[in-house]
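In case you want the letters, here they are:
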Amino acid sequence: MARKPKLAVFKFSSCGGCQLALLDLEEELLEISDAVRIAYFMEASRAELPAPYDIALVEGAVSTPHEADLIKEIRKKSKFLVAIGACATAGGIQALRNWKDVKEFLEIVYPTPEFIQALDKAAPLSDFVKVDYELRGCPVNRHQVLELLNAYLNNRRPNIPPHSLCIECKIKGNICIMVAEGIPCLGPVTQAGCGAICPSYGRGCYGCFGPMESPNPESLAAYFEKMRIMRDEIGRMFREFTGWSKPFKEVSEKYEE
Amino acid sequence: MKSRTVKIDYLARVEGEGSLYIKVKKGEIIDLRFSIFEAPRFFEAFLRGRSYQEVPDITARICGICPVAYVMSSIYAFESLFEIKVEKGIRDLRKLLYFGDWIQSHALHAFMLHAPDFLGYDDALKMAKDHPEIVRKALRVKRIGNDIMSFIGGREIHPVSACIGGFYKVPTKAKLESIKGMLEEGLKLAEDLTRWASEFEYPDFEQDYEFVSLRHPDEYGIIEGRIVSNKGLNIAVNEYDEYFEEYQVPYSNALQSRIKGRGSYMVGPLARFNLNFDKLLPRSKSLAEEIGFKPPIKNPFKSILARCIEIAYGFEESLRIVNEYVEPSKPRVEVKVRAGTGYGCTEAPRGSLYHRYEVDERGIVLSAKIVPPTSQNQLRMEDDLRALVPKILDLPKKEFTWRCEQAIRNYDPCISCATHFLKVEIERL
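Protein sequence lines, in the order shown, are assigned to chains Y and P. According to my numbering, the first sequence is numbered sequentially starting from 7. According to my numbering, the second sequence is numbered sequentially starting from 14.
Keep in mind the hints are simulated off the structure, nothing from the lab. Please note that the accuracy of each hint is not assured.
[To be verified] Facing chain Y, from chain P, some residues (calculated, C-beta under 7 angstroms):
#: 1; residue: K20
#: 2; residue: Y23
#: 3; residue: S32
#: 4; residue: E57
#: 5; residue: D136
#: 6; residue: A141
#: 7; residue: R156
#: 8; residue: S174
#: 9; residue: K182
#: 10; residue: R333
All C-beta atoms in this analysis are idealised placements derived from N, C-alpha and C, irrespective of residue type, glycine included.
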């Protein structure tokens with residue numbers, strides 16, 4: 007029998023939700039743990055196996071000097087490095103601080119800011135190291151995590167569609183909430199993968215899977231203007247969970263007052 | 014007399030990054046630090062300038078394990094400011110969503126993270142080799158918790174359906190009844206697992222705690238009520254800042270909390286159980302009585318049983334909700350925004366979660382304050398270790414270290430929450 011690959015799971019600046027998505031594979035978890043050797047997964051186990059790792063799943067943004075060093079070290083130890091979730095792929099929600107002065111932020115949250123170390127920006131892993139694959143979402147969809155592991159174990163590319171969320175609404179047979187009800191929705195520029203949850207629940211997509219392949223957010227923003235949505239609100243819509251991704255960042259800055 | 018230093022750089026089986034450092038010289042603790050080195054995330058700062066409607070979605074991202082707690086505390090903060098009252102159906106659906114979160118979070122902690130400590134396994138996957146049926150049952154309970162969240166909220170992590178005023182969409186009566194079978198299954202499994210956990214050997218350790226939780230006249234404290242303690246505290250949510258204070262220690266990225274003039278206190282399942290035992294429903298109450306688990310419980314290692322009872326209670330109350338459900342006349346009520354300060358406190362799986370927001374006349378956030386349960390328990394965890402360490406100095410180093418880790422895991426700390434925060438260092442000279 008071939009040697010079982012070593013899996014490592016790391017957490018950077020984040021909520022822990024994406025590694026939880028792996029633990030949320032309740033029905034498959036025991037089988038996964040038979041197919042790989044879990045070398046490092048602090049949230050689940052106190053046991054550790056030595057590097058190198060065959061596959062490393064990394065959640066979270068890089069936002070402190072320590073994290074900047076650590077991701078480079080993990081890169082050296084990992085053959086296949088996957089950024090999982092909006093924080094690791096786009097900086098995530100904490101990237102909202104990137105438009106502000108971090109020193110001022112420290113003073114708002116901590117009485118003695120000199121105790122705290124933080125980089126100026128919360129950034130995706132790819133700003134620091136080469137990333138071999140990215141899984142989107144805030145959080146990632148556990149079925150996509152399973153697909154990724156499955157593809158890896160069977161030496162094929164993961165089947166993760168890069169098209170827009172609109173396609174998922176069409177497949178589900180959702181009536182378009184933007185057209186029918188005038189609810190602003192980021193679906194046309196957001197990558198599919200969640201299963202079009204928000205529109206299915208009667209609210210607009212808030213872009214947590216980040217920009218789709220070749221999006222046109224300016225055009226969507228112009229459409230929002232025609233819908234008489236306030237400029238500052240349009241800016242905030244693009245600047246949320248994946249606001250630091252290039253296409254969303256640029257359009258949100260255009261709408262800054 | 015023993016001297017030793019224990020250093021645990023990265024505490025396992027807790028959510029997030031923390032460490033423990035204990036230095037003992039001639040049997041006396043000369044240094045003890047539970048530090049949280051997870052990166053600071055600055056939520057209170059970047060919430061400024063965001064609209065009130067975005068706050069539940071944004072604050073949910075403080076924690077992937079208890080997002081509903083953040084959603085609910087922020088919703089109640091704004092609803093108190095905007096003077097919104099919701100009908101019973103909405104309130105019940107909120108509780109149902111919240112129980113989904115409690116159940117999956119408690120099942121994850123009790124069986125996947127905490128139980129292996131009592132049986133000497135590194136993790137639940139290794140425990141599964143010897144106790145496959147137990148682990149399968151636990152995973153099934155966790156899945157049902159997640160399925161409740163997905164059913165009401167659209168997905169288990171960062172659900173999308175709840176908002177200020179109610180929900181974006183509510184289920185029909187017939188649709189809600191479709192989950193009854195799995196709730197009944199969950200309740201039975203929870204009873205089995207509670208009986209299993211009640212057989213563990215528990216370290217003999219008790220402390221004179223001040224337990225703090227919500228208390229409501231008609232129900233087990235979860236989404237509304239007064240903040241009470243077993244030592245005479247009884248305040249409204251908007252009086253929180255007068256009675257509690259947060260302060261910073263140099264070795265941690267999470268602020269610590271104390272009751273002004275008194276010191277450390279405990280929030281979470283054990284606190285809630287001790288303060289709300291009389292509000293349990295018949296099956297969960299008789300389950301607690303059957304295993305001899307009745308207040309006052311002052312042994313923190315038994316917090317796992319409080320989580321088990323709360324899982325059973327969560328299923329029992331969820332069943333009541335499904336049975337009594339009347340579809341709300343509309344999914345959400347209209348919001349009339351006004352400037353001012355709103356206060357919210359609900360019971361996250363790990364304990365009371367306090368939010369305070371000040372907004373302008375358009376509902377744009379001017380300031381935010383968020384006090385998660387792990388920050389509140391941080392000082393109490395250190396106090397437990399100060400009391401525990403002298404009693405276990407004779408243990409071999411490996412067991413000593415493990416027991417210290419376990420004393421922290423008793424609290425199910427959520428470090429992502431606390432930094433919006435574990436790693437153990439123990440030095441024995």
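The hints, checked one at a time:
Below 7 angstroms, beta-carbon pairs count as interface contacts, and K20(P) has none with chain Y, the closest being about 15 angstroms; its hint is therefore violated. At its closest, the beta carbon of Y23(P) sits 6 angstroms from a beta carbon of chain Y; the interface hint therefore holds under the 7 angstroms criterion. Interface restraint check for S32(P): the shortest CB-CB distance to chain Y comes to about 11 angstroms, outside 7 angstroms, so the restraint is violated. Because the closest C-beta pair between E57(P) and chain Y is about 5 angstroms apart, less than 7 angstroms, the hint holds.
Interface hint at D136(P): satisfied, since its Cβ lies 3 angstroms from the closest Cβ of chain Y, which is below the 7 angstroms cut-off. Interface hint at A141(P): satisfied, since its Cβ lies 6 angstroms from the closest Cβ of chain Y, which is below the 7 angstroms cut-off. A hinted interface residue such as R156(P) counts as satisfied when its beta carbon comes closer than 7 angstroms to some beta carbon of chain Y; here the least separation is about 4 angstroms, so the hint holds. For S174(P), the interface hint holds, the least distance from its beta-carbon to any beta-carbon of chain Y being 5 angstroms, beneath 7 angstroms.
Satisfaction of the interface hint for K182(P) is found here, the shortest Cβ-Cβ separation to chain Y being roughly 5 angstroms, below the 7 angstroms cut-off. A hinted interface residue such as R333(P) counts as satisfied when its beta carbon comes closer than 7 angstroms to some beta carbon of chain Y; here the least separation is about 25 angstroms, so the hint is violated.
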